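Chemist: Next come the chains, spelled out residue by residue.
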Amino acid sequence: MTTATPLSQPAASGVDAPARCADAVSAYFSALFASLDAIAADVVATFAGAEPVTATLLGNALQPVTGAMLGAHPIVGGGFVAAPGALADRELFLAWWQGEDRTLLAERGVPIGHHVFDYTRHEWFRVPLATGRAHVTGPYVDYVCTDEYVLTATAPVVVAGRMVGVVGADTLLETFEELMSEPLRGGDAVLVNGHDRCVLAADPLLRSGQRVDVAAYASVRALPGLPFRVLGGS
Amino acid sequence: MAEVRRHGSRARSAIFTPLSDVGRAGQVERRLTEAIRSGVLVEGERLPSEPEVAAMLGVAVVTVREALIGLRSQGLVTTTRGRGGGTFVAAGAAADEDALAERLGSMSRAELHDRATQYVLVLAGCAELAAERADGADAAALRGLLAGPDADVGVWRHADAELWLSVAALTQSARVTREVVRLEADFGTIVRIPLGDRSARTAARTAHEALIGAIEQGDAEAARRCARTHLQDTLDRVARTQASVHDRRRRTRSA
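Chains as they are written, first to last, in our numbering: chain Y, 1 to 234; chain U, 1 to 255.
Derived from the structure by calculation, the hints contain no laboratory data. A couple of the hints might just be wrong.
As the list claims (entries may be wrong) - Restraint-style ranges between C-beta atoms, simulated for each label pair:
#1 U:SER49 - Y:PRO84: 55 to 65 Å
#2 Y:GLY161 - U:GLY84: 20 to 30 Å
#3 Y:ALA19 - U:GLU221: 39 to 49 Å
#4 U:ARG143 - Y:ARG133: 21 to 31 Å
#5 U:ASP152 - Y:GLU51: 53 to 63 Å
To be verified - Chain U is faced by these chain Y residues, among others (derived, beta-carbon under 10 Å):
#6 ARG133
#7 ASP142
#8 LEU205
#9 SER208
Just so it is clear, the structure is predicted and the values come from calculations on it, not from any experiment. All C-beta atoms in this analysis are idealised placements derived from N, C-alpha and C, irrespective of residue type, glycine included.
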């Protein structure tokens with residue numbers, strides 16, 4: 001395993017690059033999670049109705065609010081992913097729209113109970129359900145849905161004390177890199193995820209996804225509510 | 001604001017990329033047959049609706065309908081009507097050994113070696129980089145994909161495809177992963193013919209565990225060697241099977 005250590009020569013900068021970076025990352029995800037809350041509210045409302053919640057009913061109910069989120073953020077896809085057994089007519093279901101044409105993914109799961117292609121083992125589904133809290137997974141290559149290198153923001157949805165699934169959104173890493181290029185510029189900041197992997201770094205040689213030796217950095221700043229930390233060399 | 005790329009690529013996009021020659025039900029049928037036989041589309045999985053498949057492949061809905069009739073008559077899919085209905089990959093569809101032998105027999109020996117070289121090269125490279133870039137949690141996730149010793153052949157083939165796709169994803173490169181998705185859609189059926197044999201399944205299980213062990217240790221050299229040796233052994237089995245299919249065909253022709 002190759003791990004990275006700080007740049008030996010931090011770029012001169014009068015501004016606190018790690019702080020700038022932390023603010024920008026927090027602002028991006030808090031806006032995204034606010035949109036996800038709106039979808040979660042529609043999920044809860046749908047489950048509160050008199051009708052049994054079917055894939056079609058849920059899909060129709062969530063399309064407008066998900067469309068609004070896709071219009072408001074530079075994301076590649078998003079929506080709601082049902083927990084096994086939450087819907088009346090499907091074991092697994094994704095009310096998830098992605099791409100230019102906002103294609104509905106519908107289902108990737110297997111109705112025979114076999115574990116493969118079953119999204120429930122993936123971090124973006126597993127962690128929010130286990131912790132009851134919002135999570136960001138990645139960067140990782142999502143070969144199930146987008147076929148892209150992405151960050152997936154997800155939050156659990158609880159109805160009457162029961163987890164019915166997660167709301168979520170995928171951001172392409174290349175989009176996130178572009179959005180964060182200004183906050184990162186001219187500093188020595190490294191954004192790492194909960195697995196100590198680089199998300200983005202000022203150092204052009206530090207690749208996204210690369211493992212980082214966190215202990216080798218002088219400053220470590222946690223981002224409230226996110227599984228991210230911003231490291232600084234000095 | 002950053003320019004956002006939102007292209008609509010889907011999982012297993014290689015299966016659903018537009019066909020060059022529009023309007024051929026036979027082509028649609030062949031491509032979906034390949035995907036089912038290779039385990040990319042799995043038993044019990046619902047196919048997209050007829051209009052969706054038509055849109056993805058760039059053909060008319062009637063063409064898709066015709067292809068689905070062909071798939072039904074091959075016993076590869078079943079269609080149910082009404083609420084929760086749709087077209088599903090049939091039980092046992094992937095395990096038609098005769099059809100696999102037929103496909104292998106129609107391929108030349110040179111083509112098999114050519115494809116095998118590409119497949120081994122790409123996946124051995126993936127294993128090497130995966131070992132450099134994975135952590136313990138990644139290795140544990142790979143272990144969770146392994147099929148049990150008593151799992152049936154269809155489950156085995158699917159689990160094997162999923163394992164190699166996951167190894168590819170651990171390179172952290174979307175392009176490399178898409179290339180492996182394409183290889184699997186194209187050649188995966190052939191590579192997984194030997195898994196019909198219990199002895200090959202046992203050998204595969206041992207090799208998979210060694211590979212995951214090497215990835216867990218971060219031993220890139222060992223991971224590459226494991227992948228390469230195992231895949232070459234698998235493709236040697238395929239080559240021997242192909243030789244016997246070719247022999248059988250020659251005898252049938254001369255009889």
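Chemist: Decide, hint by hint, whether the structure agrees.
Modeler: Each hint, compared with the structure:
Taking the beta carbon of each, SER49 (chain U) and PRO84 (chain Y) are about 23 Å apart, not inside 55 to 65 Å as hinted. Against the hinted window of 20 to 30 Å, the Cβ-Cβ separation of GLY161 (chain Y) and GLY84 (chain U) comes to about 27 Å, which satisfies the hint. With their beta carbons about 42 Å apart, ALA19 (chain Y) and GLU221 (chain U) fall inside the hinted range of 39 to 49 Å. A hinted range of 21 to 31 Å holds for the C-beta pair ARG143 (chain U) and ARG133 (chain Y), which are about 27 Å apart.
Evaluation of the 53 to 63 Å hint for ASP152 (chain U) and GLU51 (chain Y) yields a failure: the beta carbon distance comes to about 38 Å. Hint status for ARG133 (chain Y): violated, given a least beta-carbon distance of 18 Å to chain U, over 10 Å. For the restraint placing ASP142 (chain Y) at the interface with chain U, the shortest Cβ-Cβ distance is roughly 8 Å, inside the 10 Å limit, so the hint holds. Given the 10 Å rule on beta carbons, the hint for LEU205 (chain Y) is violated: about 15 Å separates it from the nearest Cβ of chain U.
Below 10 Å, beta-carbon pairs count as interface contacts, and SER208 (chain Y) has one with chain U at about 7 Å; its hint therefore holds.
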